[in-house]
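Visitor: Residue numbers (the UniProt record's numbering), protein chains in the order written: chain V, 1 to 218; chain G, 1 to 361.
Because the hints were derived from the structure by calculation, they are not lab data. Here a beta-carbon is modelled for each residue, glycine too, at the ideal position from N, C-alpha and C. Check the hints yourself; a few may be wrong.
[What the hints assert, rightly or not] DEER-style ranges, computed between Cβ atoms:
#, chain 1, residue 1, chain 2, residue 2, range
1, G, Leu-179, V, Pro-123, 58 to 64 Å
2, G, Asp-22, V, Gly-57, 50 to 56 Å
3, G, Ala-129, V, Ala-14, 45 to 51 Å
4, V, Ile-202, G, Met-1, 49 to 55 Å
5, V, Ile-33, G, Gly-6, 45 to 51 Å
6, G, Asp-27, V, Ala-107, 38 to 44 Å
7, G, Ser-113, V, Ser-152, 48 to 54 Å
8, V, Ile-202, G, Ala-125, 31 to 37 Å
9, V, Ala-205, G, Arg-5, 49 to 55 Å
10, V, Leu-194, G, Ala-125, 40 to 46 Å
11, G, Ser-113, V, Gly-57, 49 to 55 Å
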Amino acid sequence: MNWSWIPRNLDRVAELTVQHLWLALLPVLLGLIVALPLAWLATRARVIRTVLITVTGLLYTVPSLALIVMLPLVLGIGILNPLNVVVALTIYTVALLVRSIADALDAVPQAVVAAATAMGYTPLRRFVAVELPLAVPVTVAGLRVAAVSNMSLVTVGAIVGLGGLGALFTDGFQRDIPAEILTGIVLVLVLALLVDVALLAIGRAVTPWTRAGAGARA
Amino acid sequence: MIEFRGVTKRFPDGTVAVDELDLTVTDGGITVFVGPSGCGKTTSLRMINRMIEPSGGTIEIDGTDVMSGDAAHLRRGIGYVIQQAGLFPHRTILDNIATVPMLLGWSRAKARSRAGELMEIVGLAPEMAKRYPSQLSGGQQQRVGVARALAADPPILLMDEPFSAVDPVVRESLQDELLRLQAELSKTIVFVTHDIDEAVKLGDKVAVFRTGGVLAQYDEPGHLLARPADDFVDGFVGRDRGYRGLGFLSADGLPLGALETVRLGSPAPSGDWTLVVDDADRPQGWLAGRDRTDGAPVTAEHLVPGGSLYDVTSGSLRSALDAALSSPSGRGVAVDADGRVVGSIGADDVLAALATARAAA
Numbered sequence: 001m002n003w004s005w006i007p008r009n010l011d012r013v014a015e016l017t018v019q020h021l022w023l024a025l026l027p028v029l030l031g032l033i034v035a036l037p038l039a040w041l042a043t044r045a046r047v048i049r050t051v052l053i054t055v056t057g058l059l060y061t062v063p064s065l066a067l068i069v070m071l072p073l074v075l076g077i078g079i080l081n082p083l084n085v086v087v088a089l090t091i092y093t094v095a096l097l098v099r100s101i102a103d104a105l106d107a108v109p110q111a112v113v114a115a116a117t118a119m120g121y122t123p124l125r126r127f128v129a130v131e132l133p134l135a136v137p138v139t140v141a142g143l144r145v146a147a148v149s150n151m152s153l154v155t156v157g158a159i160v161g162l163g164g165l166g167a168l169f170t171d172g173f174q175r176d177i178p179a180e181i182l183t184g185i186v187l188v189l190v191l192a193l194l195v196d197v198a199l200l201a202i203g204r205a206v207t208p209w210t211r212a213g214a215g216a217r218a
Numbered sequence: 001m002i003e004f005r006g007v008t009k010r011f012p013d014g015t016v017a018v019d020e021l022d023l024t025v026t027d028g029g030i031t032v033f034v035g036p037s038g039c040g041k042t043t044s045l046r047m048i049n050r051m052i053e054p055s056g057g058t059i060e061i062d063g064t065d066v067m068s069g070d071a072a073h074l075r076r077g078i079g080y081v082i083q084q085a086g087l088f089p090h091r092t093i094l095d096n097i098a099t100v101p102m103l104l105g106w107s108r109a110k111a112r113s114r115a116g117e118l119m120e121i122v123g124l125a126p127e128m129a130k131r132y133p134s135q136l137s138g139g140q141q142q143r144v145g146v147a148r149a150l151a152a153d154p155p156i157l158l159m160d161e162p163f164s165a166v167d168p169v170v171r172e173s174l175q176d177e178l179l180r181l182q183a184e185l186s187k188t189i190v191f192v193t194h195d196i197d198e199a200v201k202l203g204d205k206v207a208v209f210r211t212g213g214v215l216a217q218y219d220e221p222g223h224l225l226a227r228p229a230d231d232f233v234d235g236f237v238g239r240d241r242g243y244r245g246l247g248f249l250s251a252d253g254l255p256l257g258a259l260e261t262v263r264l265g266s267p268a269p270s271g272d273w274t275l276v277v278d279d280a281d282r283p284q285g286w287l288a289g290r291d292r293t294d295g296a297p298v299t300a301e302h303l304v305p306g307g308s309l310y311d312v313t314s315g316s317l318r319s320a321l322d323a324a325l326s327s328p329s330g331r332g333v334a335v336d337a338d339g340r341v342v343g344s345i346g347a348d349d350v351l352a353a354l355a356t357a358r359a360a361a
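Pulled out of the complex, with its shape left as it was, chain V reads as follows:
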């Protein structure tokens, strides 16, 4: 294998890495922003919940390649527009998060919600100050799955010329440069791992109560 490809293309690899991170992580953020109100809606009424969970569940089963090829038609934008990848991955993120956040909100103890209401929280303020914080551990777990899965899904975009590090796969195959393909695989894995660890650390930092042991009981 010819390893000299790597030092000669460092600039290109760096550029693709940055693009890859954007394409994978921006949808995680957007997906969270969309999923939160949807999950809240899902906890309001059983009918809404059934519809939302079914629809988002179906969306998740749409093959990623098909979605990325079809979206330009639906959105009316060029096939090379980065928005295609961002929207596709946002849809997957929403599909993943709505169900888990809705479950997490349902798992908030009834006594806690009732106490918050009785203290004089308005429903919106109660959601933000009490229910949402208590749903954070499960939400972060969902975000980690979404972020890692997006890291690998981005590469599918390379088929339509927009795949971050996925471009190393298509280019490497066409020009038969194994070192290029290998570089792409290793970098995607490393990025996925780093993002996962970062999210885990953030999750722990914002939920100190989950680690407060019951050892101090008297």
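Fit chain G to the given chain V structure using the hints.
Guide: What follows is chain G alone, placed relative to chain V:
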């Protein structure tokens, strides 16, 4: 003053939880709603702060219909203690207690300093402030729940089966604590329980509900035990109500008999039963005639344990009778507030006093 006028709660499925309830909760006392499950006591409580909204009738607090204003605003002015405390797991004890002051727009510093004061009032050690609810025992959590309800100094406190999830020993200490707090704070407290003993112990007035949300009797606990309105109340009040009712009759004026005592370490006198006391005249136990040491000093191993003590400053006929019945000599020991022996009491004297009280009533 909280006034229920013809209040009805009908749920969407048609069940009537509360049926035409008329009831007035007076200021500055503990009013207990008690009854079997499904009797509407919790629904009635929750309608006061609109956690549940009535389907008919009105509830007024000091003349203002609770339905007239904003619900969240109303609730911030009414303390609420829920079953199993319902503390916020993600907030420290201090911030849990500071909840309502923060909602009322106090500064964080002022709210937290008020929370600190409340921890002291309900008897929580200052080092608990930074802990999370999961690190506290059930009894401690319930104290936090009471502190949180009192934080903004509301005139009304609603307590929804607050002590039902803790073990009997802790429950009793929480009840005593509540009575101590209430003696200082004089809040208007509405307390829901399914436990008639708790109701009778805590209530200045007790409202007994029957299944279907009908008020069966609303009375002082002593009257409830002495004169239940009907068979339902009689059955609900339970066994031994005659004996428990003695707890609400003052033992003032009960004649005390003389009592022979001997100091620990002094020579034993002759006689059948002699009460042994320490240097401060506090009872230590009884010396039986058969264990007589014939003039040798009385030591601790000679003693037969005594029964309950009757405190002449605060005792009821129940404590007087129990002192007599539980004493090995048949004579109950009467003590003053400092625990010094002041005389003896016989079961006959208590029954005679009871007959006098009945004749006067």
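Visitor: Are there hints from earlier that the structure breaks, and if so, what are their numbers?
Guide: 1
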